[in-house]
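Chemist: If you read the sequences in order, they're chains Y and W.
For the first sequence, the positions run 1 to 286 when the working numbering is used.
For the second sequence, the positions run 1 to 286 when the working numbering is used.
The hints are simulated quantities; they were obtained by calculation from the structure and are not laboratory data.
Here the structure is a predicted model, which means the values were calculated and not measured.
Don't take every hint at face value.
Note that the list lumps identical chains together, so a pair holds whenever it fits in one copy or between two copies.
In the EDC-like style, the derived pairs of lysine to aspartate or glutamate whose C-alpha atoms are separated by at most 20 Å in a straight line are [as the list claims (entries may be wrong)]:
1) 121 with 283
2) 121 with 57
3) 121 with 38
4) 89 with 248
5) 121 with 195
There are 2 protein chains.
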Amino acid sequence: MSESVSGSVMVENLSRFSINQMTVKQLSLPELVDACLELGVPGVGLWREPVQSYGVEATAKLIREAGLAVTTLCRGGFFTAIDPDERAKALDDNRAAIDEAATLGTDTLVLVSGGLPPGSKDLHGARERIADALAELGPYAAERGVRLAIEPLHPMFASDRCVVSTLAQALDLAERFPAEQVGVTVDTYHIWWDDQAPAQITRAGAGGRIHTFQLADWTTPLPEGVLTGRGQIGDGAIDMREWKGYVEAAGYTGPIEVELFNAGLWARDGREVLAETAARFVEHAA
Amino acid sequence: MSESVSGSVMVENLSRFSINQMTVKQLSLPELVDACLELGVPGVGLWREPVQSYGVEATAKLIREAGLAVTTLCRGGFFTAIDPDERAKALDDNRAAIDEAATLGTDTLVLVSGGLPPGSKDLHGARERIADALAELGPYAAERGVRLAIEPLHPMFASDRCVVSTLAQALDLAERFPAEQVGVTVDTYHIWWDDQAPAQITRAGAGGRIHTFQLADWTTPLPEGVLTGRGQIGDGAIDMREWKGYVEAAGYTGPIEVELFNAGLWARDGREVLAETAARFVEHAA
Chain Y
1 MSESVSGSVM VENLSRFSIN QMTVKQLSLP ELVDACLELG VPGVGLWREP VQSYGVEATA
61 KLIREAGLAV TTLCRGGFFT AIDPDERAKA LDDNRAAIDE AATLGTDTLV LVSGGLPPGS
121 KDLHGARERI ADALAELGPY AAERGVRLAI EPLHPMFASD RCVVSTLAQA LDLAERFPAE
181 QVGVTVDTYH IWWDDQAPAQ ITRAGAGGRI HTFQLADWTT PLPEGVLTGR GQIGDGAIDM
241 REWKGYVEAA GYTGPIEVEL FNAGLWARDG REVLAETAAR FVEHAA
Chain W
1 MSESVSGSVM VENLSRFSIN QMTVKQLSLP ELVDACLELG VPGVGLWREP VQSYGVEATA
61 KLIREAGLAV TTLCRGGFFT AIDPDERAKA LDDNRAAIDE AATLGTDTLV LVSGGLPPGS
121 KDLHGARERI ADALAELGPY AAERGVRLAI EPLHPMFASD RCVVSTLAQA LDLAERFPAE
181 QVGVTVDTYH IWWDDQAPAQ ITRAGAGGRI HTFQLADWTT PLPEGVLTGR GQIGDGAIDM
241 REWKGYVEAA GYTGPIEVEL FNAGLWARDG REVLAETAAR FVEHAA
């Protein structure tokens with residue numbers, strides 16, 4: 001199926017689709033909202049920085065009046081600092097992120113937990129500091145109707161971005177807290193290589209901890225720094241329907257966000273990229 | 001401790017050190033042998049391509065007369081093709097690699113098992129084809145006194161280089177065969193992020209399947225294509241003594257190879273890089 005899919009088929013099959021704002025970061029918030037309405041995209045995942053630039057209240061009003069759902073806010077986290085002042089600052093920033101999520105009307109704040117502090121080689125210690133932060137933030141979030149969703153990032157990010165590298169590690173952390181406080185983000189890009197991940201999705205689902213499900217495809221060669229290598233759905237090695245099957249078998253029936261960081265997509269017209277992404281979603285995951 | 005470490009201390013502490021040829025690929029085989037003798041490096045890990053260029057018999061003679069040990073030959077593998085002709089060709093090539101290892105006098109052939117065939121998204125199927133190849137090659141290798149050492153590669157190589165991403169997966173494959181036929185390569189670079197790896201090292205040691213232990217450090221940012229990002233010992237996030245402790249607790253007392261693919265090191269004088277690598281080994285792992 002190509003981008004020529006007919007409008008009515010498209011809208012029906014897009015009922016669970018959400019576009020993560022970073023996929024089309026070249027669009028302003030009003031442009032994004034317009035493009036979603038035009039294409040029948042019902043949900044968006046938002047990022048703090050562009051939301052803050054536009055204004056949190058103004059964004060909430062814009063999205064609400066358009067009738068769109070905010071499926072997640074990205075992102076809180078970066079909990080691994082050792083320095084007490086840095087840790088206090090990170091907690092303050094995460095409380096602000098929780099407040100923003102509540103204002104935007106989303107129930108899910110995605111967490112990128114943080115890498116190793118400069119000079120440290122202690123992955124275990126870093127993971128424990130994440131747990132300490134979750135203990136502080138979980139109740140604060142739950143009181144505001146927001147769930148924290150620990151995102152295991154691909155092991156290639158373990159040192160500089162996120163010491164939580166597998167769904168099992170994310171659940172080991174999340175399960176220390178009630179599910180209405182802390183769960184996980186299941187993102188195909190980060191876990192597709194892991195033969196233990198399907199069983200961990202079952203575990204997450206049984207505990208009511210699949211707080212969001214995101215798609216990106218795995219393509220090579222990876223770019224320098226590897227951050228902007230997330231491939232368009234269907235272009236890479238990941239069987240999206242297989243992973244959708246795992247989360248559905250685990251009881252997840254919520255939105256499916258497509259989140260791509262891809263310099264090639266960012267260089268193109270944002271509306272065209274959104275239309276292509278929606279069509280790929282229909283073809284590979286609806 | 002710096003590169004100014006005294007000669008006698010150095011030689012004593014280098015008793016388990018082996019330099020993988022790729023670390024100093026700018027050196028010819030005679031230059032490599034000379035540098036090893038000068039510095040007191042007792043072992044080398046060789047690669048098929050430069051050995052073939054120099055001649056397998058000639059290399060064997062050169063190394064033998066210098067009194068150096070060949071700790072491994074890199075590499076066999078690439079077993080994941082679906083096409084029968086390609087598979088037959090891969091098996092032939094691996095039999096040649098086993099013959100070369102025997103000629104060189106090493107008991108260990110490192111295997112990089114192969115990525116997904118073009119267009120395939122089936123990791124499980126690819127892993128089963130690896131098992132099929134091992135069933136063919138294991139007896140052939142053992143008859144020649146060579147052990148196959150499956151190397152789990154970092155998950156960032158899962159699609160294009162090696163669908164075996166964890167030590168657990170490597171052992172799941174290896175344990176279908178006798179340990180004198182098939183074991184594993186434990187390389188810090190590929191497994192350092194994995195909180196399950198220490199337990200898997202214990203499992204590998206209990207089965208007599210730690211066939212080689214290799215060191216490289218994890219540094220960021222990763223270069224484009226990520227292959228040449230292996231960091232000099234001590235420059236990155238990995239605690240080498242911690243991992244050495246795991247393999248030793250599991251009963252491994254053999255050589256420790258330093259294998260770095262690093263464009264920065266390749267641009268420098270090879271003897272200087274070897275001296276630096278030996279000093280770093282003494283400082284961080286001896």
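Chemist: Next step is simple, just say for each hint if it's right about the structure.
Modeler: Okay, the hints, checked on the actual structure:
no.: 1; hint: 121 with 283; result: between (43 Å within a copy, 16 Å between copies)
no.: 2; hint: 121 with 57; result: neither (41 Å within a copy, 43 Å between copies)
no.: 3; hint: 121 with 38; result: neither (49 Å within a copy, 33 Å between copies)
no.: 4; hint: 89 with 248; result: neither (38 Å within a copy, 41 Å between copies)
no.: 5; hint: 121 with 195; result: between (26 Å within a copy, 13 Å between copies)
Checked against the numbered hints above, the structure violates hints 2, 3, 4; every other hint is satisfied.
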